[in-house]
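Protein chains in written order, with this note's numbering: chain A, 1 to 619; chain B, 620 to 888; chain C, 889 to 1525.
Some clues are possibly wrong.
[Said to hold, decoys possible] Stretches of chain B that chain A covers, calculated by requiring three or more beta carbons in the stretch to come under 8 angstroms of a beta carbon on chain A: (1) 710 to 721; (2) 729 to 735; (3) 849 to 860.
Calculated from the structure, these hints are not laboratory results.
From the three backbone atoms N, C-alpha and C, an ideal C-beta is built for every residue, glycine too.
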Amino acid sequence: MRWSHSSRVLVLGIFLCLLAGAVAAQDGEALYAKYCSQCHGDSGDGMGVAAPFLKPAPRDFTSGKYKIRRTPTGSMPLDEDLERVIKVGLPYTAMPGFEKVLSDSQVDSLVAHLKTFSADFEDPEALGEPIEIPSPPPYTPESVERGAQLYVETGCGRCHGEIGYGDGGSAPTLVDDWGVHIKVADLSMPWTFRGGGTRQDIFRTMSSGFNGTPMPGFHGALPTEDIWGIVDYIVSLGGGTVEGAPEAPYTSLLVSQGIEDEVDLSKGAELFVGAQEAVFPLVGQIIEPGRNFFPATTSVSVKAVHNTEEIAFMVRWHDMRAETIGINGPDLRAPEWMAQLDEIDWASVPGGRPGMTPADGGDEGGLWGDAEGDGGGDDPWGDAAADDGAEDPWGDAATDDGAEDPWGDAATDDGAEDPWGDAAADEGSGGDFWGDEEGAAVAGPTLASGPETEFNDAIALQFPLSMPTGVRKPYFLFGDAQNAVDLWFVDLGSDGIQRYTGRGSAAIAPAEGGDRVEIIKSYEQGVWTVIYKRKLVSRSSISFSEDSFVPIAFSVWDGFNRERGNKRGLTRWFSLYVEPLEKPDPMAPMLKAGLGVLGLELLIVFLMRRRFGNKKLIG
Amino acid sequence: MNLLVISAILAAMVGMRFLKPSMLAWIAIWWLGMFAILEFGFAVPIPASVIKIYMGIITLSLIAYVLTDPERVEQVWNPIVAFTVEKRFQPLLVVVGLLIPCVVAWSIYADMTKSKQAPSFARTVHPAPPDQITVHDTDYPLGFADNPYRTLEASAPEEFAARVQAGRDVYYSNCLWCHGDVMAGEGMFAHALNPIPTSFEDPGTIAMLREAFLFWRIAKGAPGMPDEGGPWESAMPAWENFLSEEEMWNVILFLYDFTDYKPRAVELH
Amino acid sequence: MKRKLPPIPVLLGVLAMIAVIAAAFMFRFASYFDESLSYKSPTRVVTEQAETPRQQALAEQVEAERQAALERPYEEAEYRAFPRIGSRVAIWVVAQLHLLFAAFVLAVPIFAVTIEFIGYRTGEKRYDRLAYEFTKLLSVSFSFTAALGAGLTFMLIIFYPKFTNYLMSVFSPTFLPYVLLFFAEAGFMYSYYYGWGKFSPKVHLFLGVMLNVVGTCIMLIANAWLTFMSTPSGIAESGALISTWDAINNYTWMPINIHRVIANIAYGGSIAGAYAAYQFLKAKTDEERAHFDWMGYMGNFVAICGLLPLPFAGYWLASEIYAFSQTMGLTMMGGAFSWLFIIQAVLIGNLFLFANWYLWLGMGRIKGAERYRSFIWPMLVVITICFAVWATPRSILSTTEEIQAMGGSSHPVLGYLGVMSAKNTAVNILILTTFLSFVLYRRSGKIPTVSWAKLGNRIQFLIFLAAASTVIGYGIAGYFVDAKTRIGFSVPQVGSVLLALVLVTLIDSFLLRGAATTETNWGKIRPISQYILILLAVTFTWIMGLMGYVRSGLRQHWHVYGVIRDTSVDAYTPTLGYATTVVSVTVLIFFALIGFIFFLAGLSGKKSFVAEPTPEPRGGDGTLEAGDSPSPTAMQV
């Protein structure tokens, strides 16, 4: 009886699962229409209504190119790969995880629907043998060390930078199959990894590569233990989180540490050794005109110290390349985004809107010329990697070009040194897509110094001009009419610092007089470091008094991303706490409270004994 | 909710029954048990202010429980008296008597040396709108204004659907970055903002508001809020700078359509 | 209870008076003290001297000032400032005190007359005496009310002349009737009080009823003035009067009238209960204790009866405010004032807990109540849970880290408890549980003898169950519907609770007909219960102060909302902490004064108080039979 009963339940359960599955499959199309089509387009071509604002651009499902897979380079993804991306999303892109809103069966039906967009899913040749991800070996210093060596030998640093900060020599020139510049991963920030930041995730990315991008897969090219070595080195670069996914170390408070020594700028970073690091997230300014939908910088790291007289801030952020030969300023006019999009005559741009066309291997060149031409085919490195089977998948390409920059020639062939500025100018479309309509007029010929842009990298610290008395602060976007902000703006291409007073994004004026702020700056290994120093007390702007919270915010401009004025990365208001130089001694209050409580206890015990106790005890 | 932790705590409390603790011990067990559930029993921790309210209520209830029955009062009171008076407890009394001041002193030490927290601003999520706003030269009396296209839902379903679709396009080319793909306030820029973007799925937001209120918040954005809303740190743009009135009303239609909520109706006297 | 308790309220009252006199003295002579401290040459005697040029110039200056003063044109002042605390706080405190006394003076006659009537119908002396005991509190309170009212009027004219003038012009026809009614009120009150036992009962009852009618009319007029300030109507946009009747019958007039009558009863009952508690704690004999225990019980009973429908009247008022102006409604519930509603929720939760607690403690004096002992803790659990839900804030005060962890200002789990569905459910269940406590309390002294007792009990139980399931069912369903339907759900929720209240009471009245009554030892109650009564009164007063502030403060920078703008220095909304402090200080002053009144009322009672013989036991007749005999001796049917 028992058996038959449970088997009946089993059969019923299976039946229900099947039924649910059948219903869900029909749902796929409706679900796609509700949750996916806004970006990926009704027909799966990646040309949804939101697509022009997104970078990386939404996946074009009809191309059959999927980045995150557990299959070899060039192959189609497995169902589980698609499921994973739908569920957890791609960090730091517009692709969210749908885990909370979609049930497993709904995800299944969505996957089924996605596969209808590309015939490649039916093609047995396109389906690669899944790469097995073995259980990871222990994470050891030896493995990290070996990985570091392999990292150099394999040439990862050419794109990812010498120590992985995304500042490799060829990083500015990388484009994907659609001809759009693609930002190389910053290996020190594993929480931004598109494919996930766990060791297994990194292993998968290393093995399979990202189809449609310059990132090759090393499956078969490197022995498994070598891949694990590089994985461990990457893990070590990102802070060494071995278990689980690494989380962004964002905080909301900057603590300025009191020091006794002089605030000596010549010490550089040494000055800040004991200070607590605060990492603040940056996002694009999309509130005021001149909107920046994809800022290049995702966070700044800040430290602060002070003594009785002065306070110093050290701000650091990662930047692919230092742009220092142009101009920049918080009051530069950045064009309006919508206007810019509308003004471009897309029909005249070969390849149409970037990121919105099904790619055809770049044979026609696209906006940025025939960058991939040399590589040939969909996957310019596929062959190279396979042929060499070896340490340097770029060996050929790099050697052939005789340059660190495999696209250098290509760009030069086009008759322009600047593949972004000039190409756009040549096309005469006014449309450097990632720049702005000014690009056509300003960029190009006037800049003869290679792939530099006309805008410098820049940073600004923002404080209220005077300490807020109530809860009210100035508007976090460069202040407002009633409450001004003090901007400590540094154009990294020019000397010194310019202070501005902001009374709203449209009302920024150079600050008059006021206290001198000294700065030093440096760019090294993909990291900008700017150190500010000022007197604690000021009569014309904010004073940093001990044991108080001062609102602080940041703006970062990346010249490469053609950021200036309102087109920038910014933070919300955070707090700076100026630690008292002499911390209050807790001893006295502790003694006071302790003795007080003790006295109270004695009184209670005394009263209790008088009321209830026997006389003998009290004596 | 972390059911595992909660059931473990409850199981431990049930287990205590077998030890036959005294009334005083029971009260302590209950108090601590409830505190542990509130403090550790939830996957997303409950803010300290609410825990204080709850523990206050629980304390009051436990006192009421004891004081409603003379027997319980005695059961609680007698051990306390015995502990302070009887000789056999003298050593323990000394120990406890010294321990309590130490704990107090330690808590003061911990309080004075704990790491600083950024000051927070208790902002009003839905501040009161003005009586009237002007958007693109049109006056809207917010008390009476309603979505001009709402009636299409019944009268012209096709045009209504087209407007929802138009609103969808507006949403996904403007609002997506903060409010997210599924209206849950989890857009790709949300992690860097404070106040974090509103989740429209939350039953306490658009589901209890009128469309005119949404129109005000969309058209005037953060800068249009009164001070209790914290206009200086909200990242909501004043969309009248980017969108037409029609687009804003359409996007409102879309928000309700996507979330399946119904707007609060205008109440007339 | 052997030691004589110091009459703390008396001390407080006396202290307050001394403080007031001292303050006045200091104020008057402050300048004198100032001068006395200034330097005076000890050696030189000031003598008549010829005028120096300096003195001449000074004299000229004085003369010029005098001349300027003579020629100064008359200017109408808009505002004048009250020294130190400012006009607003001064008016605030005085108006609040006036209102607290007025509420008490209006409420006491309502239940005094009711109780007297019960005494008249049943022929029981103890009811009559209880009614008299309540009335004793009236006369001094009445004088206080009048004095504070006069003070308030003068202060309005002095400090807000322009605004007061406007209000008087709009409501000019109402002021003389108001004064006349006041005369009538005084006449009826004193004849009711002094004529106790001297008129024929019917005449005396008539006087009492008239006292109530007149008192209510006075309240209606005063309510018109103040509701007009919040929700004006009957005027042109410029503020010119169109119709006085429309100005009176504005959006919130009727809701306030209803809300105030009910709240006054609840509040008056609680103050009377506090008086009884004060006398109980002071009492020396068992007879006194028995009497005041019973009086406290009755006061509490009245307070709870008033409390139960109060939330619904409050909803009506709030919805009218919302209907008048969305801005005002949002300011109230979601804006600057929403935090006060959290405090209010906590205090109301306290009221329910205290009220139940008092009933449970009361079971201690009844023999046979032991059977219901085991019901107490489940009810306590229910009340605790409902209290917690009721007090859960919608937007939570939290640190930045907590907000980040929660992903917003509302908690993913607690968020569900903060919305209207949960709160309505919680408050309805609270009401049901309180009613259950009361039913059990009534039961504990009686054993039903009717043949269908068991069936009746079961039906009553089923009614409770049905009401509770309806409330909870609609509460849960409320999460799945839109706002309008959800608001509509409160009707069946409230309806089922009210129906249960009526049905159970009805069944009770038949069920307990001729029931065997067990022994009730009035006065044999734990003293803690009396402190609960006092706490109840304090909580009531505090809520009134806070909510009164919300209603008044909602106008924000308007004297008359949308018509007369407040341009004074006080035209801002004070912080939560400041407002709470002002209200708390007002409540303290009120209790100092009411302590003084208690003391006076106690004096008048002392001489005449003699233990009366045990009243005749009665069979339960199902009318407003809330308690049993005040006799400390055992009774058996």
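So, going through the hints one by one against the coordinates:
1. 710 to 721: Contact hint for the region 710 to 721 of chain B vs chain A: holds, 6 residues under 8 angstroms.
2. 729 to 735: holds (count 4)
3. 849 to 860: holds (count 8)
In summary, this structure violates none of the numbered hints.
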